[in-house]
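S.K.: Since the structure of chain D is already known, use the hints to place chains R and U with the ligands on it.
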Amino acid sequence: MAAAIETRKLTKTYKSRLHGLINVVQDLDLTVEEGEIFGFLGPNGAGKTTTIKMLLGIIYPTGGEGFVLGKEIGDMDVHRIISYLPERPYYYEHMTGLEILRFYGALFGIKDEALFNQLLERVNLAADKSKTISQFSKGMQQRIGLAQSLLNDPKLLFLDEPTGGLDPIAHIEIRDLILNFRDEGRTVFISSHELSEVERICDRVAIINKGIIVRQGKLDDLLSGGRIEIIADDVSKEIADQVKGTTDATVSFHDGRLIVDMSDEQDPNSVVDSIRSTKGRIISLTPRRKRLEDLFIETVRDDDASKKKPAAVAAEVGGAQ
Amino acid sequence: MRPTKSKLLGILAATFVGQMALQVGAIQDFWKKNYWSGQGFAESLSPDQTLLQLFGFREFLAGILWVRADSFFDEGNYDAVLPIIRLCTILDPKQIDIYATGMWHIAYNFTDEEQRSDRRYIPSALALGKEGSRQNPNTYELFFETGWIWYHKIDDDYHQSIKWFRQAQEREDMLPARRNLLANAFQRNNQVREGLEHYWKLYAETAADYEKQKDIYQLFQQKETLEQNLDTMIVRMVQRGWLAQERGDASQTVYDTTEPFDVGFTARVIVDEPKVIRVQGTWNVLPVGTRIRIIVRDADNPNFTLAAMDWDGQNEVVLDPERDATYLQDQGFVKNRRFNKRIDMSKDPTMYPFSRKSENFLVEFYYNPRSASLHVQDKFGWNGEGMTDKAFLRTDVRKDYEWVPGEKNGKYTDGWKLQERQTPPARIVYTSLKLSRDQILRKGDWIDKTPIVQTSNFDASRFSVTTEDIIDVPTLRSSAPRPGANPEKEQEAIQGAPGTTPR
Amino acid sequence: MRPIMAIATTTVGEAIRRRVLLIILFIGVLLLSIIPSLSVLTARSEQSTMISTMYAVLRGTSALIAIILTIYMIPNEIERRTIYTILSKPVMRWQFLVGKFMGAVLALGLMIVLMSSVMVLLFYIFQQPSPERLLEVARQPFFYFLEMMLLAAVCIFFSTFTTPLVNFFLSIGIWGVGTVLSPLYSSIASNSGASPIMQSVAKFVTGAMPAFSNYDVKNPIINPGQVIENEQKYFIYIVLYAILYSAGLLVAGMVIFDKREV
Ligand SMILES: Nc1ncnc2c1ncn2[C@@H]1O[C@H](COP(=O)(O)OP(=O)(O)OP(=O)(O)O)[C@@H](O)[C@H]1O
Ligand SMILES: [Mg+2]
Chain D
30 MAAAIETRKL
40 TKTYKSRLHG
50 LINVVQDLDL
60 TVEEGEIFGF
70 LGPNGAGKTT
80 TIKMLLGIIY
90 PTGGEGFVLG
100 KEIGDMDVHR
110 IISYLPERPY
120 YYEHMTGLEI
130 LRFYGALFGI
140 KDEALFNQLL
150 ERVNLAADKS
160 KTISQFSKGM
170 QQRIGLAQSL
180 LNDPKLLFLD
190 EPTGGLDPIA
200 HIEIRDLILN
210 FRDEGRTVFI
220 SSHELSEVER
230 ICDRVAIINK
240 GIIVRQGKLD
250 DLLSGGRIEI
260 IADDVSKEIA
270 DQVKGTTDAT
280 VSFHDGRLIV
290 DMSDEQDPNS
300 VVDSIRSTKG
310 RIISLTPRRK
320 RLEDLFIETV
330 RDDDASKKKP
340 AAVAAEVGGA
350 Q
Chain R
71 MRPTKSKLLG
81 ILAATFVGQM
91 ALQVGAIQDF
101 WKKNYWSGQG
111 FAESLSPDQT
121 LLQLFGFREF
131 LAGILWVRAD
141 SFFDEGNYDA
151 VLPIIRLCTI
161 LDPKQIDIYA
171 TGMWHIAYNF
181 TDEEQRSDRR
191 YIPSALALGK
201 EGSRQNPNTY
211 ELFFETGWIW
221 YHKIDDDYHQ
231 SIKWFRQAQE
241 REDMLPARRN
251 LLANAFQRNN
261 QVREGLEHYW
271 KLYAETAADY
281 EKQKDIYQLF
291 QQKETLEQNL
301 DTMIVRMVQR
311 GWLAQERGDA
321 SQTVYDTTEP
331 FDVGFTARVI
341 VDEPKVIRVQ
351 GTWNVLPVGT
361 RIRIIVRDAD
371 NPNFTLAAMD
381 WDGQNEVVLD
391 PERDATYLQD
401 QGFVKNRRFN
411 KRIDMSKDPT
421 MYPFSRKSEN
431 FLVEFYYNPR
441 SASLHVQDKF
451 GWNGEGMTDK
461 AFLRTDVRKD
471 YEWVPGEKNG
481 KYTDGWKLQE
491 RQTPPARIVY
501 TSLKLSRDQI
511 LRKGDWIDKT
521 PIVQTSNFDA
531 SRFSVTTEDI
541 IDVPTLRSSA
551 PRPGANPEKE
561 QEAIQGAPGT
571 TPR
Chain U
110 MRPIMAIATT
120 TVGEAIRRRV
130 LLIILFIGVL
140 LLSIIPSLSV
150 LTARSEQSTM
160 ISTMYAVLRG
170 TSALIAIILT
180 IYMIPNEIER
190 RTIYTILSKP
200 VMRWQFLVGK
210 FMGAVLALGL
220 MIVLMSSVMV
230 LLFYIFQQPS
240 PERLLEVARQ
250 PFFYFLEMML
260 LAAVCIFFST
270 FTTPLVNFFL
280 SIGIWGVGTV
290 LSPLYSSIAS
300 NSGASPIMQS
310 VAKFVTGAMP
320 AFSNYDVKNP
330 IINPGQVIEN
340 EQKYFIYIVL
350 YAILYSAGLL
360 VAGMVIFDKR
370 EV
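Residue numbers (this note's numbering), protein chains in the order written: chain D, 30 to 350; chain R, 71 to 573; chain U, 110 to 371.
Simulated from the structure, these hints should not be mistaken for lab results.
Be careful, since some hints might not be right.
[What the hints assert, rightly or not] Calculated lysine-lysine pairs in the DSBU-like style (CA-CA distance at most 30 Å, straight line): (1) R:K411 / R:K427; (2) R:K75 / D:K100; (3) U:K312 / R:K77; (4) U:K368 / R:K223; (5) R:K75 / U:K368; (6) U:K368 / U:K342; (7) U:K368 / R:K102.
[As the list claims (entries may be wrong)] Reference listing, derived: stretches of chain R covered by chain U, where coverage requires no fewer than 3 residues with Cβ under 8 Å from a Cβ of chain U: (8) 93-107; (9) 126-135.
Beta carbons: idealized from backbone N, C-alpha and C, even for Gly.
Chain D on its own, in the form it takes in the complex:
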């Protein structure tokens, strides 16, 4: 079965008057399998939206190639079975939710009123039928956006920061909707930096930084290798300094309280022993799974640290992991 999205050395270069040529997206190799929820992560300005726009044919790549559902990007037939929810979307303000659906439906040639109502129901907007978009809250706007993105029963959805600027309850609502999409067999491509959200729903992620993919893989694989957190009180300064020498550990010490965050590959016993040896009091010792946030910060920080290297080398490092 072909991949839902596949790009080979997809590149977008902008000319800037100040900085000359800027590679906003560079040699992007991406594969998204059908039926999975794919998280596309990266800090602000990494090139996420640019990539999505290229995949949708809204802007044109300056290099490389891309395929969406087996067809080259820009193919109109593909547009019938995909959909897109832009970041911070805007809809014609004078329209009601139903009118929005009618309008976008017409673009597909869909006139099914029952479907429109059903979709409104699904995104929980049925009660606000008579409200125009200008009277919608941000969450309602995002939900009507999701409803319109479902009009054509898409096989593949591009969601650009679907939870951006929403409150926690709205987060949960949207998350549930997206999880439903997977159950319905749709492929979902989410760009986001709401990492906890992504961690909860994504099967696979790619991390992009400065236009270059620095990590890509199954979420479970990327997050394998846990951490251990040790918290102790009444620890002396000497011991704290001693513990700080432990490899791959983050140590914080303040007013006798010591917090150690260490890899589970190291032996925690030696640390516990040192604390105890000077009347230190162990308060807790918690083994913990690695968080996406850690991975993200780790990856981006490492990448930024090596940014002096030529871009091509950086790309190899990212691809090699």
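M.R.: Using the frame of chain D, we list chains R and U with the ligands on its own:
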């Protein structure tokens, strides 16, 4: 489904060529001919005037300006009115009132201290009339107004007013009362037969209309007037021997016009003061009523000819006269067979600059029996057959012309052609006396010497004694008709339109 | 076709809610209504002045609406990112452009019909003309509508590659020149002093520029009595011209817009 670029470019090229062909081939000229308000200006407008002419609110603006012009009229600030007139005509060339009033204003309102009008403006007035009639070809008004300037203001070259009146006649909206005027113009151009026929034509039309609508009093009145006009004219044609002459048996009767009467014209000019002249002369006809046209003008201005200027010389409206030219026209009233007129040109230096343009100036004396009043014409005839002058009768001063419909060619021809008529030439009394600049300005040799120029036959003794009170009536009437005059034949000859007879 | 119609009707819906346009429209109607009272200023041809001034207001207002309406149409879609959702649907860029154009034309039609109705009504109230005359007076607005359609095409074409501000002045300039094109051409062409090269250049330029003056057929209406032969044929020609020229501009717009990053 996505159109290829080459296909798009193909369509682009096709639509471009298509629109251009349509525009250049079919639309442009049609629009210009039928919808462009600048059409009648015949490219006489400057680019900024053209742009003004395309201004959206131009009719409205013209209206406002015209109201403003009205207040200038009231204040007598005539110079300020001129540019407004031009602006208004450009803005709204269909406002015939502006043309008509403008013409009248230019031709009549610019006058010197003694209310003599500045004739240097007349070509402008006529040009305005020409433009106005081009702009408004669907109404008679500006054709009539232009003809009127020729007929009444210039009062010479009557073939010109005939042309304009005839064009006015072709327009259906012409007022019935004004239609008669063409017959008068014909008579003044010695086209007596045409004048009669015109009356007949009008009479036939009015009579037919009256038959149909007897309850319209106006029609009845018109019919009455035309009957009277026809009566009077036919009587004159008989009395003045015109019909007999046309028939070729004028010799059988003695008419008033048969024996040419010698008017015994003499003249002299005395320069009393700088730019103040006295013209004197004799004219042996009637104690009162005759007016001798007196003109003072540059001798070598190419625009000036014998007792006239090139009235018709302006085709494009220029509301600025030839300011350094001198042209005065006045008249000497004959009283007791003499005329004696003081003409003061010293108070209007702008109208009479006596500029360096000419070293010599002419004082012209001009009498055209065609413009004479009816009772004088009863003796002199339509063409001055009954008048002569031993010394100054001229037949080469005014040739007989006639406009005939011709082909339209060139910018300004309106489809008329000027043709010389094969008729007895106009009999006119004309002479001119020359004055040098120094003489008229009383400079150089003439500071304390009074210049006097006179015709060789001038008899100063007739002015030395005061004979103002003697009323001396020379006889003008001839003796009774000769035997053999044929009134029946005359009755036949005056039958005009078939099927109609005056009473 | 369906996406084009959907985009067009949505565009109309938006246009008739744009406050700027409504204000211009209101001012236009206001000006129209004060014209009858101004007419007392003019001496005789009160009717002519009234019609011509009303036409001028109608034309100016329509042109301003046409320009303001269309110059923001595409930039706004891009700025508000509504275009992304539309283009991610099976809608081609040319369809989007045509839809927007048709929406603009429809909206313009509505507004011109509104203003013309006011105009004709006022004319009827103040002049009590015959029905034929009324019909004649109502004819010119239709041609102004064609003119504004052409103007909208010009603006849309420019909006595929310029900013609204540049477009505003560019379009006003083109319209201004286009309304004086034919007279300007004839004055150059008839200028015997101009070299043959100058004349053919003038000929080409006037043939290439959109001739808005074609739709100014008001003179015979303002000053009745003129007989025009084959006027019907001329009307057909200028309808055709508007369609051809607008189509050309749209196609050119498509070529540019298709390559445009939005
Ligand atoms: N039209 C353009 N011309 C020049 N640079 C551009 C253009 N569009 C985007 N960029 C630059 O490309 C980079 C990537 O932008 P992009 O919108 O793809 O980022 P992003 O990953 O979506 O960020 P965010 O999380 O803030 O949405 C940014 O630095 C942006 O400034
Ligand atoms: Mg983004």
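S.K.: Is the straight-line distance between the alpha-carbon of K312 (chain U) and that of K77 (chain R) 30 Å or less?
M.R.: holds, 28 Å
S.K.: Taken at face value, is the distance from the CA of K100 (chain D) to the CA of K75 (chain R) at most 30 Å?
M.R.: holds, 21 Å
S.K.: Are the Cα positions of K368 (chain U) and K102 (chain R) separated by 30 Å at most?
M.R.: violated, 41 Å
S.K.: Between K411 (chain R) and K427 (chain R), does the CA-CA distance stay at or below 30 Å?
M.R.: Holds, at about 26 Å.
S.K.: Quick one: see if chain U covers the stretch 93-107 of chain R, three-plus residues with Cβ-Cβ under 8 Å.
M.R.: Satisfied; 12 residues make the cut.
S.K.: Does K368 (chain U) pair with K223 (chain R) here, judged by a C-alpha cut-off of 30 Å?
M.R.: violated, 74 Å
S.K.: Decide if the proposed pair is consistent with the structure: K368 (chain U) and K342 (chain U), CA atoms, cutoff 30 Å inclusive.
M.R.: Between K368 (chain U) and K342 (chain U) the Cα gap is close to 40 Å, so the pair fails against 30 Å, i.e. violated.
S.K.: Is K75 (chain R) close enough to K368 (chain U), meaning Cα to Cα at most 30 Å?
M.R.: Given pair K75 (chain R), K368 (chain U) holds - Cα atoms ~10 Å apart, limit 30 Å.
S.K.: Do three or more residues from the stretch 126-135 of chain R put their C-beta atoms closer than 8 Å to C-beta atoms of chain U?
M.R.: holds (count 8)
In summary, the numbered hints that this structure violates are 4, 6, 7.
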